[in-house]
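Taken in sequence, the protein lines are chains G and P. Reading the first sequence from the start, the letters are residues 1 to 248 in our numbering. Reading the second sequence from the start, the letters are residues 1 to 244 in our numbering.
Just so you know, these hints were derived from the structure itself, not from any lab. Treat the hints with caution; some may be incorrect.
Said to hold, decoys possible - Covered stretches of chain G, as calculated for chain P (at least 3 residues, CB under 8 Å):
hint, segment
1, 3 to 11
2, 17 to 25
3, 77 to 87
4, 150 to 161
As the list claims (entries may be wrong) - Derived, one-sided and incomplete: chain P residues facing chain G with beta-carbon distance under 8 Å:
hint, residue
5, P35
6, N36
7, F50
8, C61
9, I70
10, Y78
11, A82
12, M89
13, L92
14, E100
15, M101
Positions of the beta carbon are idealized from the N, C-alpha and C atoms, including for glycine.
The lines below spell out each chain.
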Amino acid sequence: MKASWAAIWTIAKRELAAYFDSPVAYVFLVIFLLLSGFFTFTFGGFFERGEASLAAFFNWLPWLFLFLVPAAGMRLWSEERRLGTIELLLTMPVAAWQAIVGKFLASWLFLIVALALSFPIVVTVNVLGDPDNGVIASGYVGAALLAGAYLAISCMTSALTRNQVIAFILAVVLCLLLILVGFSPVTDLLARWASPRVVEAVAKFSVLTHYDGFQKGVLDSRDLLYFLSVMAYALFATGVVIRNHRGG
Amino acid sequence: MIRVENLSKSFGSKLAVDGVSFEVGKGEVLGFLGPNGAGKSTTMRMITGFIPPSAGSVSVCGLDVQENPIEVKRRIGYLPEAAPSYTEMSVLSFLKFAAEMRGLRGEGRRSAIRRVVELCHLENVLGQTIDTLSKGFRHRTCLAQALVHDPEVLILDEPTDGLDPNQKHEVRTLIREMGESKAIIFSTHILEEVEAACTRAIIIDRGRIVANGTPRELMARAPSGRLEDFFRSITRSDTATEAA
């Protein structure tokens with residue numbers, strides 16, 4: 001068990017170094033912070049809300065992450081396939097799942113660092129008002145889980161192709177689908193001809209439905225379970241894709 | 001140390017490797033010859049556990065590749081075709097990564113890296129990004145990765161491809177020296193290499209073994225006494241039709 005975590009950690013370290021060895025990490029961080037700040041303070045109506053909360057920031061995250069997380073995850077496996085290094089990696093003494101988990105964890109950690117760098121917004125609301133920091137903390141937990149779910153899906157699409165652009169687009173489409181089934185304009189449309197129970201059942205599959213709980217400061221084990229199962233499922237699918245690819 | 005039995009692999013309806021069997025013992029260097037697309041790389045990939053066989057079995061040091069993949073992989077050093085590597089890494093960090101993946105830490109890792117750096121002449125490029133290296137250096141970096149844990153079994157897919165004549169000579173010498181204490185399989189298109197470095201050679205064509213013997217035996221089978229003539233007489237070019 002110890003040896004298998006050592007291998008996972010070695011893979012994760014290499015993957016993290018790969019982000020910071022190339023401009024990818026810095027470009028990503030700058031764009032994430034610029035855009036999240038921009039959305040928070042303009043469209044989010046941070047000041048106009050008249051409440052000390054991070055709702056303006058968190059409300060935009062599912063949409064911002066929709067593009068940024070697949071961008072961070074698209075290279076994970078497609079790059080290995082393009083360079084042929086997948087053959088090196090998988091002939092080293094590790095199981096495929098260790099490689100999958102190692103790469104995923106590295107990317108997730110990177111996204112969590114990006115999220116953590118949004119701390120000036122937290123400082124701002126604390127200076128200007130008296131927010132409920134518990135709600136903010138649970139909001140961040142939800143955001144990290146959301147990023148993990150998108151990332152696991154990006155891992156899966158990345159394993160499908162050696163082309164990063166295709167991996168990116170596929171991931172965006174799949175993540176968008178997970179948003180839309182719970183996005184109110186879509187559910188309203190669905191409610192016109194489907195029974196409320198059907199609408200509700202469909203909406204349960206949406207990341208938004210489960211993300212909202214965290215933003216209200218409600219830590220529900222079902223929401224947690226939802227995100228963890230999306231991650232587990234997508235990573236499992238990644239394993240299947242990689243195995244099939246090797247099987248010819 | 002390597003035992004391959006009735007190994008077959010099909011991709012869809014195409015049979016890439018068809019019932020290949022051979023053995024390689026300690027102290028043997030097996031040259032793997034054959035036209036492009038004959039199934040050399042596919043066979044090697046099955047030995048290293050990268051792809052599963054459709055039928056047949058491979059065992060390395062008495063361990064079945066399918067049943068004990070991790071244990072087998074520990075004992076193998078593998079240089080894949082075209083010598084891939086993480087191009088954004090420096091040579092040193094790439095070798096550190098490979099050593100760590102092989103369970104080497106601390107002083108063990110440092111001395112292992114020192115050894116392969118010397119063996120593959122990488123001293124002057126250690127800090128350089130692999131991206132910026134010439135093909136010869138990239139190739140040797142990947143070879144160093146395969147040697148870092150001093151494996152009992154070496155699988156080298158075209159280890160001299162893309163090297164200049166001096167580098168080719170060095171790699172051949174290296175293979176011959178290491179062959180005294182390891183079991184080595186290497187594939188090549190260069191027939192002189194077989195004479196220079198192998199104790200035995202297998203010629204494979206369309207997934208089947210068509211000849212197996214020492215280089216001298218194989219040469220003796222051509223009227224001219226040249227390996228190339230023998231090779232051409234028993235293999236078909238990829239432009240030849242199936243019926244031919």
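Taking the hints in turn, this is what the structure says about them:
Taking a C-beta to C-beta cut-off of 8 Å, the segment 3 to 11 of chain G contributes 5 residues in contact with chain P, enough for the three needed, and the coverage statement holds. Counting residues of the segment 17 to 25 of chain G whose beta carbon lies closer than 8 Å to any beta carbon of chain P gives 4, which reaches the threshold of three, so the coverage claim holds. Residues of the segment 77 to 87 of chain G lying with their CB closer than 8 Å to a CB of chain P number 4, which satisfies the three-residue condition for coverage. Restraint check on the segment 150 to 161 of chain G versus chain P: 0 residues with Cβ-Cβ distances below 8 Å, three needed, restraint violated.
Checking P35 of chain P against chain G: minimum C-beta separation of about 20 Å lies over 8 Å; hint violated. With a cut of 8 Å, the hint placing N36 of chain P at the interface with chain G is violated, because the nearest CB-to-CB distance is about 17 Å. Interface hint at F50 of chain P: satisfied, since its Cβ lies 5 Å from the closest Cβ of chain G, which is below the 8 Å cut-off. Interface restraint check: C61 of chain P against chain G, minimum CB-CB distance 13 Å, threshold 8 Å, status violated.
The interface hint given for I70 of chain P holds, since its Cβ lies 5 Å from the closest Cβ of chain G, which is under the 8 Å cut-off. This hint holds: Y78 of chain P has a C-beta 5 Å from the nearest C-beta of chain G, less than the 8 Å allowed. Checking A82 of chain P against chain G by beta carbon gives a least distance of about 6 Å; that is within 8 Å, so the hint holds. Against a cut-off of 8 Å between C-beta atoms, the interface hint on M89 of chain P holds, since the closest Cβ of chain G lies about 7 Å away.
The interface hint given for L92 of chain P is violated, since its Cβ lies 12 Å from the closest Cβ of chain G, which is over the 8 Å cut-off. About 5 Å separates the beta-carbon of E100 of chain P from the nearest beta-carbon of chain G, less than 8 Å, and the hint is met. With 8 Å as the threshold, the beta carbon of M101 of chain P comes within range of chain G, its nearest partner Cβ sitting at about 4 Å, so the hint holds.
Comparing the model with each earlier hint shows violations of hints 4, 5, 6, 8 and 13; every other hint is respected.
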